[in-house]
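A.B. asks: With the hints as your guide, set chain A onto chain R.
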Amino acid sequence: MSATEELPGVWADLPGQDQAVEALRRAAALGAPSHAWLFTGPPGSGRSNAARSFAAALQCDAADPDGRGCGQCRPCRTVMAGIHPDVALIATEKVAYQIDDVRQLISKAQDRPSSGKWRIIIVEDADRMTERTTNVLLKSIEEPPPHTVWILCAPSPADVLVTVRSRCRPVTLGVPSRTAVAELLVRRDGLTPEQADFAARVSQSHIGIARRLARDEGARQRRDRTVRLPLRLGTVSDAVIAAGDLVELSTTEASSSAEERGAADTASLRESLGLEADAPVPPQLRSQFKALEELNKRRAKRGVNDSLDRALIDLTTFYRDVLTLQLSTGSELVNAYLERELAEIAHRSTPEQTLARIDYIAEARRRITANVQPLLAMEAMMAGLLPARNQGEPRV
Amino acid sequence: MVANKPAGSSRSSGTRAGTGPNWRQAVPAPLILLLGPEAYVAGRVLDSIRQQVKERDGGAEVTTFDASTYQRGELLLAASPSLFGDSKVIEAMSLATMNEDFLEDVQAYAASPATDVVMVLHHSGGNRGKKVLDALKAAGAVVIDCQPLKKDAEKVDFVSQEFKAARRRILPEATRALVAAVGSDLAELAAACTQLAQDTTGDIDQETVDRYFGGRVEATGFKVADAALSGRGPTALGTLRHALATGTDPVPIVAALAMKLRQVAKVAGQRKSSGMLAKELGMPPWQVQQAQEQARYFSHDDLVRCLRLVAEADAQVKGASRDPQYAVERAVTGIALAARR
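These protein sequence lines are chains R and A, in that order.
Just so you know, the first sequence maps onto residues 1447 to 1842 in the working numbering.
Just so you know, the second sequence maps onto residues 752 to 1092 in the working numbering.
Pulled out of the complex, with its shape left as it was, chain R reads as follows (with noise of 0.2 Å):
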């Protein structure tokens, strides 16, 4: 199969795998998959809808193997839209995984699917369990009952436990090139080809965050300010605030749709628990209503550090560009738009301070995860990404 050749069915919306579509539709077609799949690839490159696409072409009713994963039949149509009944898509909204939410999934394994030919369980963000957490799927991932499929996602095998990864076959998902999803976006999106053309580039070829930046003007405006950071940074004072400026408006974020959700969840708690508005909530019942804040805590906690990382990711691409210039690769720009100004800091700076920057910009970013008050990971890092105060000499 050749790259520009169309891939029919469930396979079409994943631009730039041929080699790991073409493993999964010859063991769709055998019919006999192995029993649990470790599907891994960079952020955006498609993990989740690679393993929804393996899922529907498992369930196909297509009557040609080869042909499994048309796209057309009921139980291709109802999975790739997430509703088919033996195919859970799992994917946590707090920081990691509970060790309860997993041993729910694991009596599910056990049911025989109801209506379908496999009973299929998907994890989204396998790398998001503890070692504790993931000990309690072993057994369950080592010898499913016949019927059952796990497919666990993560960025790279080493996001998850060694015995974990013994026990998965392997599917490697790569980057796509930036043409690829361009073409996706211009065909799925119906988006002109330098609006998809512009957005597969700033995002690095992440599908999904490609998408966002296309669609919405917001989240363009948000990443060009965190992107032009640098070119206001003068003072310390400077750093400190514009730290601040950037936690916030990722907390502000974050917990206003954390708050929305969590209005509407108490409500609904409400409505099945049978009581009004604004009745107040029985003793027997508070349990129920503390859990539910405790996992909108939780929620808003992992918006705030998800967006945090996001910018940082978009910051690190700015002297990602500085250093290809400094360095003359002639490789192409994420930002190319911003490069009179980049080409500015390139020659004002050193390779090795253009390093060591990204260096402080990656440290934010383990800090965060560590549970470092992200205020001041942010002004450690901000601080550093200062313009040295002997400009055009290396500080030693």
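Below, a list of computed lysine-lysine pairs in the PhoX-like style, where the Cα atoms sit at most 25 Å apart: (1) R:1747 with A:1069; (2) A:881 with R:1736; (3) R:1743 with A:1069; (4) A:1069 with R:1540; (5) A:882 with R:1736.
If you're looking for bench data, these hints aren't it; they were derived computationally from the structure.
C.D. replies: Same frame as chain R, but now just chain A:
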């Protein structure tokens, strides 16, 4: 008036019914309700009531319940008239976690309290049993506030009241020194007052307080941060040791360091007046002034280094290092050395 500050302002529920009498003047009554989390004050009232009843009637009988483990009928049993006409004191503790049995029995009792029984109830706050509290208040219970003392002025007031009750005189600076030394816990403060009153004669001055409680400092993260940012290294490290030794966790100390350093970094290098900065940065003017003063000790590069140092310390106290105490100490030393006086 120490424990008698206007209550209820911070609570929306109607559990607070304005101010009752000062706890120092509590006298036996059929129903006495102690409201508030300060267990020491509640204990003092209980003692004083018990003593007053016993002075009147040596054979008085004292019964104590824990409202969370109460069993139905116990209250009625304890409150029923005795054959010999002795007076009775019933003490009910932890009403904040009362069980259903207690709730019902007390409500029934409040409707017709026995006149020869003194019943004291302590509720430390919260919404549990609001109905009971309302019933007690409706039945004419004497409500006594047991709010914790938060401000230094309140504690100073408490100390002078204590010495007044002991008919002793304490000088104002001695009072302040005493509060600074042992003021964090009210029970400890009261014990210190008693000790001073018993062990010394004459007026109590600063020297006496220093002899008994010298070298002890109430150390908080903010005091550590202030000393470090003003370049007072020895004080900063001394206060830090005190704070750690008295059980302060390293995490809030680092948070305090970060907060103070942030304020300094915000105003560093700004040439505007403190008033303008205060408006721009959303900080109170006194904070801006203090930060500006401390900012003078630092060069630009020093501040950059300090910010990185504190962030590293935060990562370390949250698990990246095996010795969180050393991590804080390192950050404090680094900042204090960077500040050039």
